[in-house]
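I would like the entire structure built from these sequences, with the hints used as guidance.
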Amino acid sequence: MRKKLALSLGLLLASSSVLAACGGGGGGNTANEKPQDTKTLEWYMGEDPKTLDYALDVDQSMNYLISNSMDGLFRLDADHKPQPAIAEGQPQISSDKKTYTFKLRDAKWSDGKPVTAKDFEFAWKRVVDPKTASQYANIMFFIENAQEINQGKKPADTLGVKAKDDKTLEVKLKNPTPFFLDLVAFATYLPQREDIVKKHGKAYGVTPDKLVYNGPFEISTESKKGKFVLKKNQNYWDKDKVKLEKVNLHSIEDDATAVKLYETGKLAWSGPLSGAFLTKYKNHKDKFVPPYASSWVLIQNFKAKDPNKAKFFGNKKIREAIDLSVDRNTLVDKVLRTGRPSGSWVPKEITVTSGKSIREESKLDPTKPDPAKAKQLLQEGLKEAGLSSAPTLEILVNNIDPNPQIAQYIKEELRKNLGLNTVVKSVPFKQRLELSDRGEFDLVLYGWGPDYNDPMTYMEFWTSDSPNNKGKWSNAEYDKLIEKSYSNTNFEERSKDLMKAEKIWVDDHATVPLYQSDRLYLVKPYVKGVKWHFFNADFDLKEAYIESK
Amino acid sequence: MKETMKLTPDMFQPAEIDDSAKNAIARPSIGFWKDVWRRFYRNVGAMVGLVLLSIILVLTFVGPSMGKTDYQAQNLSVQDQEPTFQNMISGDDYRFGTDNLGRDLWTRVWYGTKVSLMIALLAAILEIVFGVTIGVISGYFGGMVDNILQRVIEVLYGIPNLIVVILFLIIFDPGIVPIALALALTNWLPTARIVRAQVLKLKSQEYVLAARTLGSGHIRTMTKHLLPNIVSIVIIAVMFAIPSAIFYEAFLSFIGLGLRPPEASLGVIINDGAQNLQIFPHELLIPSVIIGIMMLSFNLIGDGLRDALDPRMRK
Amino acid sequence: MSKVLEVKDLQVSFKTYSGEVHAVRGVSFDLDEGETIAIVGESGCGKSVTSQTLMRLLPSPPSVIKGGEVLFDGKDLTKVSEKEMEKIRGAQIAMIFQDPMTSLNPTLKVGDQITEGLMKHHKMSKSDAKKKAVEMLKKVGIPSPEKRINQYPHQFSGGMRQRAMIAIALACAPKVLIADEPTTALDVTIQAQIIDLMKELQKDIKTSIILITHDLGVVADIAKRVVVMYAGKVVESGTLEEIFYQPKHPYTWGLLASMPRLDQTSDQELLPIPGSPPDLFKPPKGCPFAARCKHAMKICLEEMPEATKVSSTHQVACWLEHDMAPKVEPPAAAVGGE
Amino acid sequence: MDLVKYSVRRFGYMIVTLWFIITVTFFLMHLLPGSPLRNEEKLPPQIKEQILKEYGLKDPLHVQYFRYMGGLLKGDLGTSMTFDGKKITDMVMEGFPASAQLGLQAIILGCLIGLILGVISGLRRGSWVDNITTVIAVLGVSVPSFVIAAVLSYSLGLKLGWFPVALWGTFSHTVLPTLALTFIVIAQIARYTRTEMVEVLEQDYIKTAKAKGLARNKILSKHALRNALIPAVTILGPMTVNLMTGSMVVELIFAIPGMGKLFVDCINNKDLTLIMGTTTFYSAFLLFAIFIVDILYGLIDPRIRVAQSGKE
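Protein chains in written order, with the working numbering: chain A, 1 to 549; chain B, 1 to 315; chain C, 1 to 338; chain D, 1 to 312.
All clues given are correct.
Stretches of chain A that chain D covers, calculated by requiring three or more beta carbons in the stretch to come under 8 Å of a beta carbon on chain D:
hint	region
1	49-60
2	133-140
3	149-160
4	224-231
5	259-272
6	426-438
Derived SDA-like pairs (lysine to any residue); straight-line CA-CA distance at most 25 Å:
hint	chain 1	residue 1	chain 2	residue 2
7	D	K5	B	D146
8	A	K356	A	I93
9	D	K87	A	T132
10	A	K224	D	D90
11	D	K53	A	Q147
12	A	K198	D	D90
13	D	K218	C	T102
14	D	K5	B	I148
15	D	K58	A	A203
16	C	K109	D	D301
17	D	K222	C	M119
18	D	K222	C	E135
19	A	K202	D	L72
20	A	K202	D	N269
21	D	K48	A	E434
22	A	K316	A	V506
23	A	K373	B	A73
24	A	K225	D	G75
25	A	K108	A	D165
26	C	K15	B	D35
27	A	K224	D	N269
28	A	K416	B	A73
29	A	K131	D	L61
30	A	K172	A	F122
31	D	K222	D	L123
32	D	K218	C	M119
33	A	K98	A	K154
34	C	K109	D	I230
No lab work stands behind these hints: they were computed from the structure.
All residues carry an ideal CB built from backbone N, CA and C; glycine is no exception.
Structure below.
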């Protein structure tokens, strides 16, 4: 689910870096001057949001706007831990860990009406209702009956959520879900006002004036195409902590443009840098690398239409040969100029029940390239698979930088080290989705970002019946471990099972893990108090302020 | 008269003048094409264009073999290497430096130039074949046929080019032929219009009428009498179609619908380099200069040809 | 009668890609007040270049006046400034061109094209000029001129357009009217009307006319004197009678023989002049007509003959006039039926 | 009156052509492979159904067609599929003002400079002005706009700081993008004007005008320019429309809230309704511009009017 965010980000990053022509000059003379207005922040945003109705979909820009203008039951703190927001204190959790009872604090919407438990109940039911046709409904499937309702098998009012009174919300989950409090901080779980939704009908959420807000800011009606404005919400229950009066978010799709604006002091934050800018700003004093989790792999198509190719990828030795032939260090240092080589699927930011990073608990190091061994394995594998020679393979990527570069690099590595012929097919984002959905590829480059802080957000990706499993890799033991983990109330054991599953995936060379990406931002030093997150929204400006000396 | 000359009676004897000389046209008659060439040859701009273009053409063939590696080999230890004048001459190291994947820009640029030219040429030919055929038919037959064809052209004009081209390239994967086709698909319209206008003008002239009266068939009239007289505008159209195709191909690369990497065309290389303008300017400047020189050459040649072909200049 | 215009040894060249074309190589003639002279010759003989040089209409480059003078009103027109020339053009010397289809601006109303000159030279107001334009159109025989001045040239027929051209040219009552093949592009019936019109108006306005043509028929109708040009040179000049009845130059004979005439008997054929004019890139050093001349002598190929006076009005440049030359009679076809 | 009859006739043609274009696009678009839905892989089938139903894509094609045409008559371009619930009319109208302003500025500036250069170089063939114009004309069409835009923004924006490097707001924000767009206008207008100038100056009627004793300037302004402008007017129509509907490249680089990107996005997202909407808007605008050009043409060149209204 979050993948979409990660990738639409990629899309933006790409469409922008296509032309990363002129970046910041030398030092930028005006660069670090304090803005005269210390109550207004000039901020970066990618494309304009597609909609503001967070029940329908969540794209990156909308998440920037909504996460800062709304408050859910919980809100992530600086350490990415969910803390009570509209909820007053921690919820009561039943002994089977499936029923959560939230008490709500006294909070108001921007029009002065109180925020009630009904608003949550209405919102969540609206999301799963198939008539709403939400593209993000599956993030609700942890709640009892959500999936069935969404599939039209049960009526909407059977959803496991109930407003016991204005201030009490009871939620019934399908399975014990250790990360449920992460979820209630997410945009799709935010409350909605039934009267407002009814009033505007189809126009609800199309423009900022067709919504009400209960968060630190409200989206101002001054907003227009290209520039969205957040202004302080005077009805916010925690408004004393909100220091900024106004935030201007500028839609900039070319990251060279963003850098130039940053250099001339017109932006206080410039979004993720790409390409040569990464080299240029590697040692810049404003450089900022926030925690970020995104895992990139090369998926091999086990069910390729060409039987020879299916046989080819069906052979474990051949898969290992491919794995051994790609030098991840060069990929990261030279081609991407950022990120970390990866030998696993789950990034290190994800923590397990012990509270430690998954990568501390289960060390899976990146494969060391070994062309000699790879060549030998390929020959053995070809013989085993009954192939006289290796087929010409197609590497499918979207045309968003740096993906074509990565593909070209892999093409060259496979040619150099294995003598494999490959063709790079770079296509628009949506076309790549369609082609990979239809299984029309041999190798496809894929990235995935987390929706919540739990290995499950990654691990359910590769089960045999997962719609995300494009390569149709299938392993019974893996499936069983994941299935078991869904309902396991022993969270310690659950963590271990998930790590075991990941090890199976790695050992079978199910896909080729390549790298985990990092982001390099430029942030003016006078901007303080921003909370940066590796899941949910990228940043939280609730307590941000401009330092004035 | 100069008085230095002494007149003698024998000077007043009849001169022997060859009869055939009387009928010979005093000035040697020059064939149309020879005449065109002569005028073209004397046009400094056009000749400069021709020479530059020839140099580029030669380099597209010999250039790639002069490089250090082939156009797609990567050497990531020498990423983004800037060219030096010395290397450019001696060829000891990468003449044009390397790009962001450590590929030899010299090889890539010349290989890419060749690919761009191929796309452009193919597009121009298709465009001309299409445009001239429709234009001649429409202009020649006139009436209902013309009316229908003109309406069709008008309708096609109304659909945004970009949408047609993108649509085409999503259905057919981008390659030299599909890109050329996509370009021709949208660019034949103006050619058809120009040709039609010219044919309309020619059609009413006596020699065409004469040919018709003498019983020349439609096809014969069109090919024998009309076509030769629109050759000049067609040649000029080609000369301008080629650079615009190169240009459009570069734009397609910009929106990610150009040739697929690591395949190279000038558009692809410029687009790759544009990202690094500020940091590694050579990656953009070198291919831009080449595309600029090439366009300039085509335009100069086109201008020269137009001047040379224009019969009114013939005196 | 006093001379309005005097052309002395005019030489004009064109610089082209392939070299210098010596289009006019020492042309001299003069024009009396109220007189009509004709300059005749084949196309390319330099007659149009000469006439356009009188008005300095040829763009320079490529044209260059290499020598000679054009005396008008005490001034050498080859030397006056462009500003002065503008005052002369249209007001003092006017011109009519060959093709009435192209010499009118298609995007301007006919009336406007007439008033332009009046407003410039006679400083007339718009409305006065308009009245005058109507009057002029009436004069050149265009019916309902009030309506016609508001029409565009394409709404006029060919003959009417040429009438309109004449109206434009004569609007300012110029001293000299140069008519460059004014009837060539017109139907035969219209040709006569136009010539008659010109004759009529000449009486009315008292203008002198230089008629440029290759058509001797037209010449006989209107001109008093004729200048015959060949390859950039004047080969013969004289009164109409002298040229038509006592032609001296073999080229003039050829011209006359190729022209149909009323006194011709039916068994007489029209005789074309064989061959074609010389290349003016490299003009021959002798007589340019020698190569086509039946009577060419050795001297003709070597030396250009000087103009010889036959009478006070008649001059010819031909070696046959030399004492040492054999006597040659003009062919019957040239001098008529007797 | 000729001109009125002529205009009415042209207008009629325009409407019929527009109807054809819309119809052709409508049916072509439904041939697009793939689904118009976003993320369809993870959508349960009922949701897909629901979305398709909501956009009326489940109905037979002819029903959809008549519904669409009906909407058009009411000025409704439909609702976008990528931007949930957003009216396409609104989307176009949000982006159009910025694009149109830039386009118009570029056209006006480009025409001014282009005309001056074209006339001068047409008058003085082979002079230095002519040579410089040729170079400008060639560079204008031979340097990709993304290079021009990037270089302008970098040099005049970032390095010299004369103008804002990007964003939208005041007039100074429009300077660099206008310059980036105007190159091609200058190039084309200069080129056409020069060619026509040369051609017109060789016409007999120019000689006639000169023989009338008119001053050179008068000849140029009254006789030459007017006739030389005709072809420039012809290309001006489509060029204005193209520029006013936004250049994706320039808008991207200068972060301008225009509509240029819609044309690329709508296809990349397979947003059927948006493709229809942008095409309809573009075509209507283009045809209208051509209509205006035709009328202008009729005003400048009286021959056209009569010929077209079938009188001659």
